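Visitor: Protein chains in written order, with my numbering: chain X, 228 to 745; chain G, 50 to 170; chain A, 444 to 573; chain H, 218 to 380; chain P, 1173 to 2126; chain E, 14 to 102.
In case anyone wonders, no lab produced these hints; they're calculated from the structure.
Just so you know, not all the hints are guaranteed correct.
As the list claims (entries may be wrong) - Covered, in the sense of this in silico footprint (three residues per stretch, anywhere, with C-beta under 8 Å from a C-beta of chain P), are these stretches of chain X:
#1 234 to 247
#2 377 to 390
#3 489 to 495
If you're wondering where the values come from, they're calculated on a predicted model, not measured in any experiment.
Even for Gly, the Cβ is constructed at its ideal location relative to N, Cα and C.
For reference, the chains in residue letters:
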Amino acid sequence: MMHWIILPVVLPALLAPLIGFVMRHDIVLARTASVVGTALLLAIALGLTGLAADGTTHVYRLGDWPAPFGIVLVLDRLSALMVLLTSSLALIVLIHAIATGWDARGRHFHALFQFQLMGICGAFLTGDIFNLFVFFEILLIASYGLMIHSGGRERIRAGLQYVVMNLAGSTLFLFALGTLYASTGTLNIADLAVRIPQIPVEEASLVRVAAILLMIVFAVKAALFPVQFWLPATYANAPAPVAALFAIMTKVGAYAILRVHTTAFGPGMPGTEGMAGTWLFAAAIATIAVGALGVLGARRLMPLIAFSVVGSMGTLLMAVAAFSPTATSAALYYMVHSTFAAACLFLVADLVVTRRNGDTLNPAPATVQNGLFAALFFAAAIGMAGMPPLSGFLGKLLVLDALRAPGMIGWAWSAILVGSLLTIVGFARAGSALFWKSTAIAGPGAETAPAALAAPPPVPAPVPATVAEVAPTMAAIAALAVLSVFAGPVSAYLDDTSAQLFDRGGYITAVLGPGEED
Amino acid sequence: MEIIVASTIGVLTAGGVYLLLRLRTFPVILGLALLSYAVNVFLFASGGLAIDQSPILARYGEASYTDPLPQALVLTAIVISFGMTAVLVMVGLGAYLEADSDRIDIDPEDEDENAGKDAQA
Amino acid sequence: MSMFSEILISFALVVSGIFGFVGSYGLVKLKNTLQRLHAPTKATTLGVGGVLIASMIFFYAETGHISVHELLITLFLFLTAPITANFIAKTYMAQNLRKTDLPESGGDYGWSIYDNAPEEREISEGTPRA
Amino acid sequence: MLTRLIPHPLLSLTLVLVWLGLVNTFTLGNLILGTAFGLVIPMLTAAYWPNRPRIARPLKIAEYMVIVLWDIVVANVQVAMIILFRREPNIRSHWIPIPLELTSAEAITVLAGTITMTPGTVSATLSADGRCILVHCLHTDDPDAVRDEIKTRYERRLLEIFP
Amino acid sequence: MSHGGHLLLLIALLPFVGALLPGLMIRAGRTVCAFSTAVPTALALIMLLILAPAVLRGEVIQAEIEWLPQLGLSASFFLDGLGLLFAGMILGVGLLITLYARFYLSAEDPMGQFYTYLLLFQGAMLGIVLSDNILLLLIFWELTSLSSFLLIGYWKHLPEGRQGARMALAVTGAGGLAMIGGMLILGNIVGSYNLTDILQAGDQIRASEWYMPALILILLGAFTKSAQFPFHFWLPHAMAAPTPVSAYLHSATMVKAGVFLMARMWPVLAGTDAWFYIVTTTGLVTMVLGALIALFKDDLKALLAFSTVSHLGLLTMLLGFGTQAAAVAAVFHIINHLTFKAALFMTAGIIDHETHTRDIKRLGGLRHLMPITFLIGTVAALSMAGIPLFNGFLSKEMMLEEASHTYWAGSEWAVPVLATLGALLSVAYSFRFAVHVFLGPVRDDYPHKPHDPPFGMWAAPALLAVLVVIIGVAPFLAEGVVTAAANAVTGADLHPHLKIWHGVTPALWMSGIAVLGGAVLLILHRPLDRAWIAAPRPEAKAIFDRLVSASVALSRGITEWSHNGAISRYLAIFTVTAVALGWIAHSGGGLSAPTRGLLPVPPVIAVGWIMLIVATFLVVARHRQRFQALTVLGIIGLSISAGFAYLSAPDLALTQISVETVTIMLLLLALHFLPKTTPAESPLGLRLRDGAIALVAGGGVGALAYAFMLRDIETISDYHIANSYEGGGGTNVVNVILVDFRGYDTYGEIIVLGIAGFLIYALMHALLDGPAARRLKNTDYAQDRSRDRHPLMMVVVTRVLMPIAIVVGLYIFLRGHNEPGGGFVAGLVIAIALLMQYMASGFAWTQERKRIEYHTMIGLGVVIAGLTGAGAWLAGMPFLTSAYTYVHLPPIEEFELATAMLFDLGVFLTVLGAVMLMLYSLSRIARFAGETVNVDPMDYDPGEQRIAEAEAER
Amino acid sequence: MIELALLFAAGCYGVALLMDLWRIAAGPDAADRILALDTMVINVIALLVLYGVWRGTAIYFEAAMLIAMVGFVSTVAYCRFLLRGDIIE
Ligand code: NA
Ligand code: NA
């Protein structure tokens, strides 16, 4: 029995309480443990990715109970990829948080961080839909803690809204699960994939409701229109490293849609086929619009980035909505890309904003290392806006290329291309205001400083960023570059990943044993 | 009995949704509490209703048992929603103490006004 | 089950039902909160005691084992009922009655709702209020 | 030494009985387990019961309990009659302060509880120094008689139990 | 890959690799920095020259590296005549610009940055002209937009620079995005993104129904990049860039990218009416309009910029004609324009650099002060005017010749007349450049006393001027390149002869008219200028700015209106979405027949139902009285708990009621600090709306539940019932599911609780460190309080009850596996027991007596549960595999030991720790708010005195 | 006979519950509501035990026990809230 699969859950789950109660008064110890733990997680994730690369679907039967009666973890290419993505992002974000001292501005950062990783990895690995709910809750409650880490009025108020929205989402999740169990009698995703095809459309009413409600639940996490309203305020008010980590949270929603609505409700299911895609596609277009308008209209940097995250989720989900192997592969590439791009932007923003006294997009005296920050921001913005040479452009091309079906092409292409334009213009305006206009303004204390700028209380003299502070951002940019240069091999892996996802028979056989597939 | 349970779920949900849409934190908390009652009963009912068929094996002489799985799911859901409610209460309290207002909506202008007040204080 | 135990059980049940009813009826009928307090405090408690006794006899008659855990509930209720009543009375008094509405305690100190206890000893963690 | 091991013997006994009551079957294993709990829990919670009351005459306790139980049953019927059949305007309620000779907190509590559980009276509050108890009487024409009965029937006996 | 292929790759790569150098070398000095920029450019140019002979012979050199085969994207390059021409221009001018910039930029300018950007741009531009894959071409296309953005905004302190950069990015970016669409369509039609494949498939493309969209989208890209009307307006604003940039990007190279693309796609896109009318017309209009505006520009660089617009229009028009001869003319004019225009820009830069102004009206007479500059500038200007013996004349003649026999919508006059007009205007502004700047008297009011610049600065334009003359006199020298390029454009085998004298042709007449007319216009310039200034004309920048700020305002309006912070509206939308989609999903399928009847309803259950419904109604109706709503909430919890018990779920009943109690405690603790009432502030309309949403949602959920309760289905739980005792060692199936079958869920669930505890604790600290702390201290929460805090009776009863409650908790814990109960409920019961003690004697007193470390308890619980799960690994079993055994120790009866119990212990500890940590946190806040802490367990112990005496006696 | 007695007792407690409910809705004082809720809890305990006797099972004993415990605690908490504001000082 291969215990590696459970480690991404158990390792942080054991580490977090230790950090929480043994090391809670010793920040150095807590940091060390957290970094070592996250690095280990990354190593494990690499191992798991290697393990899954040959196309085998590994199943871990918790408590040694056979599926569908017990809970199983399923390691295939997709889940391995998501765990790998999570752990690499986590390491980057964690180092940033430590280097900038964010982790010390409140209690229990590292414990909550590890719990957060546990929840995310668990959600990616599970093969049971109720267990997915449980891990959603773990990752959510940990995210509440991280969201309001270090407090502050705006943050807590935004945090409250975040909590309320997600509690409503969790409630809907349970309604959906109840309906699903009542109409199929099972919770195991593979078992669902066996049972749902046997439901003719004349009797599929209940399972259809379950499917669509689940989609809405996942859409809330994925920030899909019209349930995306919570995201901008949340991300904009979260501590920046946390917002960067949250880049993976929206992907959890996208992942869940991919996993559940492909395997259990997807192509080949007479009762539910095509239902989610229709709505998802229309909603994704609106999401792109919301994101683009938000980027263009933003007054402040953090909301601007948050809206760009919304827009990127629109692009991603548009590809997901096609529910075809090609489009899914493109979606996965774009998913990996946009995770790093969003994180990178938040990290740069943190470096800049902490030296600027606020994130309003008004010119302020240029800070130290203006050129460095400008370069980092430029790179990150290029990544997010989908300009070459970073991976966003290739991702966008892949998505566009995959969405060529007659009914889709016009809407999809217009949305993505026009959305890109607005985003580019928005980022250009922001960057220009932050880094270029600022050089035209004298530093603090100069007599020429306009009165409006003198009004806010003076910031302490900005401290140059250390190598450790900049390195995580650089790493994220490097990830985008690597993703671009090695787009061929990465895409090949993702093609296989997507093919494996659509090979329902293989999944069922692996989880339930031979002879169970329909 | 089914009508009783279904109408209970419906009424609790309606009440919960109505309170969820109020403008202050406390009613929203109440609303979520009602919703969580509703969803627990809903989830419980997904296994079908049964009387005097508790899933305690053989002790009390029954031959047939009600579906135990939804009960286990509801237990998990109850515990989770308890944790969530506690967090919500605390965050709601925190927001009130920080902002001196328990309005749950964030009015940008109101924010600016309060920020000014804070700065003066 | 013997006729005797059936009668005994039935009697206990009927009596307890009556007391249960009376407790709540008093709650509805009486006009004053403090008067209402009397009804459920004892009638209902006694009523539930009756049910528990009926249950004890019933299980003894059914299985031959003496079932005692009903006694625990009874014990619990009898222990807690006075506290409950006391708290509810104080709640009512604190909110609706003034010191002068009540008779004097006759000692140096008034009723505890209105008067501080002797030699109040406190340590304070927060800053004392002005 | 023994007081540290068994700070409240009566409590320990109660807990053993409670345990046996809970499991509802008497076996040796349960007795051992119950005894263990009866010993350990009072030890763990001893700090919360700092001043152990001295109980002088355990037999008196039984007598007291029987009297109270009987009073509860009998007087309940009377109250039921009042509630069911007496017209509301004819109910005459009274506040009755009862000065106490009891000083032990446990004894005062038992007395207050008795007053509440015996129908017709509810102990509403104590004076701030615990020297007097304020009783609300549902219906009586003679408050002094009520006070005297409480003092003689209950407080006197309690004084013997808690010297 | 051929030997040439490797060289080709190196050429494409060198500028990017080289881009690293300037930044690194800047510390070694400005000259070294410039040199390090020149080296890669020169190397690339040499390699290009090595490849040139083969290309001129008609060979095509190719190189390919696989990149993203799934998409059809490869890093494939090819070098044909057209590519050679452009690559040569890019590298050659690049080299000259590098030299020129070394002297042009001042010491304060960050030169390393400049050269880095310049090389990046150069690489991108080379990429465009060498790409053999249209997706790759797109990548380089966008890169030119980005690097141009950086270069235009190079002087970031200048607002014109920033705005110009943004405008250029917006316009060319938009075009680029359109082109992505067009290129993807092309690839779609052909089935390949390889340019070589696409160039073979002209007929297929023109016949496709997707031809028009592709054409329009691609032309959008080309027109924006090449500043064609109506997208021409960005180019003059890009002139805010340093002059080397203007000379390089905005005259010689980048703006030609659009022309290049049209030339590149000529074999597949040209030859249709659509192409002719769109491209020719756009080019013609742009040519005339650009020239007209140029005539009235006083800023030297603006004049040159609009002249560039005009010449780009000329090139576009030629390509639009769709004839091979026109294509030859276009190719030739590309070369000629490059030479004279780059020279002119550099001249303008020199003048600016020397006189500190570019305003023509402040210049004049420089002939005497800057003779060398005068010579260079005049040669180039005459070429631009199309005067014989200069190269501009040759290609202009060819253009006029082609124009003279082009019909436009049936008219034979439209094109020739307009072309002549364009040429005429061109003559006029060219003459103006020469005459108004250099001729006339020397003035004494130059902002800075001018003289000729150092050699390094004039060397580059001088070289170009020499080229102007050489080609002008001996055009056959350029024949090889032109032929190769023209053949590449047309795909035909042409052998054009470039010569000075064609005889007296219509073109010569037109040319003559142009020169004379131009001279006349210059003479009339002053009055015309006044008229021009007076005439109303749309200002493109103003329109663009208005467009952008309107878009920004609209976006901002929509965004801030929709994301207005009103979570109540978000939730309403969420609910409506769920209900609506649920209804639609439901309607798309059918329901099977009910399989079971209704269970009977005993009257008592009906009473419970009434309680619940009334209580819910009361909570909603009286929710503004917060405490009252909380009281009523208790009824709901009680009824549901009893309902669970009735419906065969004793475990649920236990859990529900205990959770309910603890929740209400928390709510009460919080309500202490919150307002006690909710103001009535929702308007009636809103309440009606919410009521409607609520009713629909409730109705929907109720109907859904009703529907599934009537339908039995085969579920997986038969297995759980069958295996609970044998496999899980317990008779309480629900408990066995929780700690065994689905123990992993439970593991997750206690972690949720643990996190909740940590979170609340962390938040409490965050609050006490923030402004909330001040608010807490300044608010008096003690008004109207009863005076007895810790009443004697409560304390005494608790002394007995708490130990009993603990025993009950242990009992519930120990039997959970087989009877209703378990770790979770036990944890709550113990928590409630402790709570009793806390309520009786206060948190501080209780806590002081027993310093239970709740953090540790949570951690311990989670770790115990985790380690119990991991313990299975020792036996080689998966996480959370349980084991149990029956132990028999006489005389005690047999009892069970199960690892599930240990797991449940973890649950128990976590629950207890989490609940207590939550209470602790709330209590900390209360104490911070000024609550006093008591030292005695009760307010006053009347027996204390006597006990003290008794102790003393002993 | 027991069946009839059970029915009678259950009926009494059912009606009692409704009367408690009325008092909770009508108030007028917070103390009335708390009192009525407390009574309701005890009535429900009685009904649970009655149901156990009717079904011949002891399975509801823990529920009754627990309800008694938490009923007491929450009543005290409600009162303490009104008396002192802070239920745990
Ligand atoms: Na009572
Ligand atoms: Na259990």
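Visitor: Taking each numbered hint in turn, which are not upheld by the structure, reported in ascending numerical order?
Guide: 3
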